Amino acid sequence: MTRATLLQARNLQVHRGGAQVLEVPSLDLRTGEVLALMGPNGAGKSTLMLTLAGLLSPSAGELRFRDAPLTSRADREGFRRRMTMVFQDPLLFDATVAQNIASGLKLRGIPAAERRPQVEAWASRLGLAGLLDRSARHLSGGEAQRTALARAFVLRPEILFLDEPFSSLDAQARTGLVDDLGRILAETGTTAVLSTHDQGEAARLAHRLAVMKAGHIVQLGGLREVMNHPEDPFVAAFVGMETLLKGQVVTSRDGLISLRLRGGIADRELLALGEAQPGQTVLVGVRPEHVALSLQTDNNTSVRNAFPGTVTKVIPLGPFFRIELDCGFFLSAFVTAQSLSELALEPGRAVVASFKATSVHLLRKEGLAAEL
Amino acid sequence: MDLIWEGLRKALELLLRLDPEVLGITVLSLKVSGIATLLSVVMGLGLAVAVALNEFPGKRLVIALMNTGMGLPPVVVGLFVTVLLWRNGPFGFLGILYTPVAIILAQAVIATPIIAGLGLAALQHLPPGLRLQILALGATRPQLVWLLLREARLPLLAAVMAGFGGVISEVGASIMVGGNLKGSTRVLTTATVMETSRGNFEVAFALSFILLILAFSVNAILTHLQQRSRRR
Numbered sequence: 009m010t011r012a013t014l015l016q017a018r019n020l021q022v023h024r025g026g027a028q029v030l031e032v033p034s035l036d037l038r039t040g041e042v043l044a045l046m047g048p049n050g051a052g053k054s055t056l057m058l059t060l061a062g063l064l065s066p067s068a069g070e071l072r073f074r075d076a077p078l079t080s081r082a083d084r085e086g087f088r089r090r091m092t093m094v095f096q097d098p099l100l101f102d103a104t105v106a107q108n109i110a111s112g113l114k115l116r117g118i119p120a121a122e123r124r125p126q127v128e129a130w131a132s133r134l135g136l137a138g139l140l141d142r143s144a145r146h147l148s149g150g151e152a153q154r155t156a157l158a159r160a161f162v163l164r165p166e167i168l169f170l171d172e173p174f175s176s177l178d179a180q181a182r183t184g185l186v187d188d189l190g191r192i193l194a195e196t197g198t199t200a201v202l203s204t205h206d207q208g209e210a211a212r213l214a215h216r217l218a219v220m221k222a223g224h225i226v227q228l229g230g231l232r233e234v235m236n237h238p239e240d241p242f243v244a245a246f247v248g249m250e251t252l253l254k255g256q257v258v259t260s261r262d263g264l265i266s267l268r269l270r271g272g273i274a275d276r277e278l279l280a281l282g283e284a285q286p287g288q289t290v291l292v293g294v295r296p297e298h299v300a301l302s303l304q305t306d307n308n309t310s311v312r313n314a315f316p317g318t319v320t321k322v323i324p325l326g327p328f329f330r331i332e333l334d335c336g337f338f339l340s341a342f343v344t345a346q347s348l349s350e351l352a353l354e355p356g357r358a359v360v361a362s363f364k365a366t367s368v369h370l371l372r373k374e375g376l377a378a379e380l
Numbered sequence: 017m018d019l020i021w022e023g024l025r026k027a028l029e030l031l032l033r034l035d036p037e038v039l040g041i042t043v044l045s046l047k048v049s050g051i052a053t054l055l056s057v058v059m060g061l062g063l064a065v066a067v068a069l070n071e072f073p074g075k076r077l078v079i080a081l082m083n084t085g086m087g088l089p090p091v092v093v094g095l096f097v098t099v100l101l102w103r104n105g106p107f108g109f110l111g112i113l114y115t116p117v118a119i120i121l122a123q124a125v126i127a128t129p130i131i132a133g134l135g136l137a138a139l140q141h142l143p144p145g146l147r148l149q150i151l152a153l154g155a156t157r158p159q160l161v162w163l164l165l166r167e168a169r170l171p172l173l174a175a176v177m178a179g180f181g182g183v184i185s186e187v188g189a190s191i192m193v194g195g196n197l198k199g200s201t202r203v204l205t206t207a208t209v210m211e212t213s214r215g216n217f218e219v220a221f222a223l224s225f226i227l228l229i230l231a232f233s234v235n236a237i238l239t240h241l242q243q244r245s246r247r248r
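Protein chains in written order, with this note's numbering: chain S, 9 to 380; chain F, 17 to 248.
It is worth saying that the hints were derived from the structure and are not from the lab.
Hints are not guaranteed to be accurate.
Derived DEER-like restraints, expressed as beta-carbon distance ranges [stated by the list, open to error]:
(1) F:R103 / S:L64: 51 to 59 angstroms
(2) F:T156 / S:D206: 33 to 41 angstroms
(3) F:L238 / S:P48: 47 to 55 angstroms
(4) F:S245 / S:L64: 28 to 36 angstroms
(5) S:N49 / F:P73: 26 to 34 angstroms
(6) F:S200 / S:R142: 49 to 57 angstroms
(7) S:D83 / F:L95: 31 to 39 angstroms
(8) F:R103 / S:A27: 56 to 64 angstroms
(9) F:P143 / S:D187: 43 to 51 angstroms
(10) S:D141 / F:S200: 50 to 58 angstroms
(11) F:L54 / S:T183: 52 to 60 angstroms
Here are some chain F residues the structure puts well away from chain S; computed CB gaps all over 10 angstroms [said to hold, decoys possible]:
(12) I20
(13) G23
(14) G50
(15) L197
Keep in mind the model is a prediction, meaning the values are calculated, not measured.
Using N, Cα and C, we set each Cβ at its ideal position, and we do this for glycine too.
Turn these sequences into a full structure, and let the hints steer you where they fit.
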């Protein structure tokens with residue numbers, strides 16, 4: 009992506025009660041992109057977002073919006089009218105849906121006659137057309153968050169900050185709203201920063217992903233890149249790469265490496281995509297959705313890695329099941345309800361787990377491999 | 017029992033006859049307490065907003081003082097205001113002791129902490145993220161204050177009712193700084209005290225009933241405003 013930088017942060021630091029809660033040396037937000045922030049509670053996602061939005065003054069550092077510094081109070085107040093934010097709690101006013109959606113326009117002094125068509129257009133885009141005169145008190149969680157999103161989009165913000173906007177919604181409301189938001193973000197080309205705990209939401213909405221831990225960004229990159237090439241076990245766990253394996257490189261040829269797995273597993277060879285020196289110890293990861301289970305070794309030649317193992321756990325996850333296996337090493341796989349019954353998966357069942365060499369990703373921080 | 021019925025009958029009679037003296041006392045009570053409440057709304061809400069929106073050292077102490085002020089004994093306020101306005105006192109040159117202005121001042125001192133304390137509680141009860149949300153929608157500082165007050169309007173109206181109720185029914189300060197002068201500073205409460213001490217129970221009852229009707233009417237109007245804004 010070679011898009012222009014819209015918001016630029018340098019050496020941001022935030023202290024609270026004497027302790028540093030955020031330190032971000034450099035972060036650029038590009039025009040039209042959706043940047044997702046992921047990380048556990050307390051990692052600093054909200055603090056970073058509030059700081060980027062100019063709603064929290066950093067103890068040190070610089071913010072530039074469209075190449076102009078946001079230093080004075082007047083700069084920040086001006087910036088506040090060009091961005092907006094949606095929080096986890098919809099924080100609606102005690103007024104009707106229409107009045108809520110119009111509230112930002114009203115604060116900008118836009119006359120009622122001009123507000124109305126915009127309010128109606130955004131209400132219908134977010135599925136609120138029939139609710140305009142309803143009191144915001146009498147909305148479901150999903151409707152309330154849709155109202156909050158309409159109130160934000162009607163301002164045509166240059167940056168939209170979304171701080172865990174779906175966290176308090178039930179699964180059904182969440183799915184519908186994630187879809188609608190994804191569609192609207194794509195249609196409008198709105199630049200957005202989204203914080204979330206859910207890798208599915210990030211995968212659905214974001215172009216780039218930043219994983220945060222203890223006030224720092226530990227990895228920032230394209231969505232696929234971070235999902236498939238987490239730099240360390242922390243990021244791997246956070247982006248859902250559940251199986252991590254340590255091994256020693258035996259051969260490395262044509263971008264393909266063969267590994268001998270470590271940890272009490274004799275003579276198990278694994279093929280992975282990547283470059284490494286023979287003899288080097290590396291850490292590789294496999295995402296559960298890339299693992300296929302069958303009753304015997306698949307003859308398909310594109311599947312180079314096949315390991316017999318035993319089911320240890322079957323965990324229902326709503327639309328699918330997570331299977332934990334002991335193949336001499338820990339391995340997890342996702343299967344559908346249909347596969348579950350066809351393969352009669354239950355603890356103790358012997359199966360073969362297979363995955364392509366291209367699904368095995370070399371984690372970059374080789375130093376960490378030694379720590380494990 | 018007969019005394020109460022007699023009082024009720026007398027009150028109705030005085031009201032229906034539009035007795036000029038009773039009418040004067042009633043209007044003065046309403047005027048004095050109304051103006052005192054208005055002053056208290058301005059000062060009390062200003063104080064509540066300032067404390068709610070700012071972080072400063074000693075904030076907890078200020079809140080504790082405001083809450084203590086909600087229970088200020090009117091006679092203590094009366095004593096201080098009297099001393100301050102006394103002929104040789106620091107504000108004696110104003111010459112307002114034993115005038116309605118003095119009663120207004122004393123009542124404002126009583127009602128301001130009530131409205132400030134309850135107002136602060138109302139503002140602090142708003143969702144913690146609301147302030148940031150309003151700023152994120154592009155509000156200026158005055159717009160932020162206005163929207164927060166509007167969101168807290170129900171408990172704020174309750175605060176105003178409590179302030180008005182506190183001063184319309186108060187007697188200690190009014191008698192001390194007003195002097196219960198006929199035709200000048202005699203209000204319903206001070207007149208009731210005087211008539212009771214003279215043994216004129218019927219008149220005292222009549223004045224009491226008028227006071228109750230007045231307090232009820234004003235609160236009924238405020239309650240109507242409050243509940244109307246709730247239903248929607």
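Quick rundown of the hints versus the structure:
Here the CB-CB span from R103 of chain F to L64 of chain S is close to 56 angstroms, well matched to the stated 51 to 59 angstroms. At about 35 angstroms, the beta-carbon gap between T156 of chain F and D206 of chain S stays in the expected band of 33 to 41 angstroms. A C-beta distance of roughly 49 angstroms is found between L238 of chain F and P48 of chain S, which places it inside the suggested range of 47 to 55 angstroms. Checking the proposed 28 to 36 angstroms range against S245 of chain F and L64 of chain S shows it holds: the Cβ atoms sit about 33 angstroms from each other.
Between N49 of chain S and P73 of chain F the C-beta distance comes to about 30 angstroms, which sits within the given range of 26 to 34 angstroms. Range check, S200 of chain F to R142 of chain S: Cβ separation about 55 angstroms, and the 49 to 57 angstroms hint holds. Separated by about 53 angstroms at the C-beta atoms, D83 of chain S and L95 of chain F break the suggested range of 31 to 39 angstroms. Evaluation of the 56 to 64 angstroms hint for R103 of chain F and A27 of chain S yields a pass: the beta carbon distance comes to about 60 angstroms.
Range check, P143 of chain F to D187 of chain S: Cβ separation about 28 angstroms, and the 43 to 51 angstroms hint is violated. Between D141 of chain S and S200 of chain F the Cβ separation comes to about 54 angstroms, which falls inside the hinted range of 50 to 58 angstroms. About 53 angstroms separates the C-beta atoms of L54 of chain F and T183 of chain S, a value consistent with the hinted range of 52 to 60 angstroms. Non-interface status of I20 of chain F relative to chain S is upheld: no Cβ of that chain comes within 10 angstroms, the nearest being about 44 angstroms off.
With a least beta-carbon separation of about 44 angstroms from chain S, G23 of chain F lies farther than 10 angstroms from that chain, consistent with its non-interface assignment. Consistency note on G50 of chain F: stated as away from chain S, and its beta-carbon is indeed over 10 angstroms from all of that chain's, at 28 angstroms minimum. Remark: the non-interface label on L197 of chain F is consistent with the geometry, its nearest Cβ contact in chain S lying 47 angstroms away (cut-off 10 angstroms).
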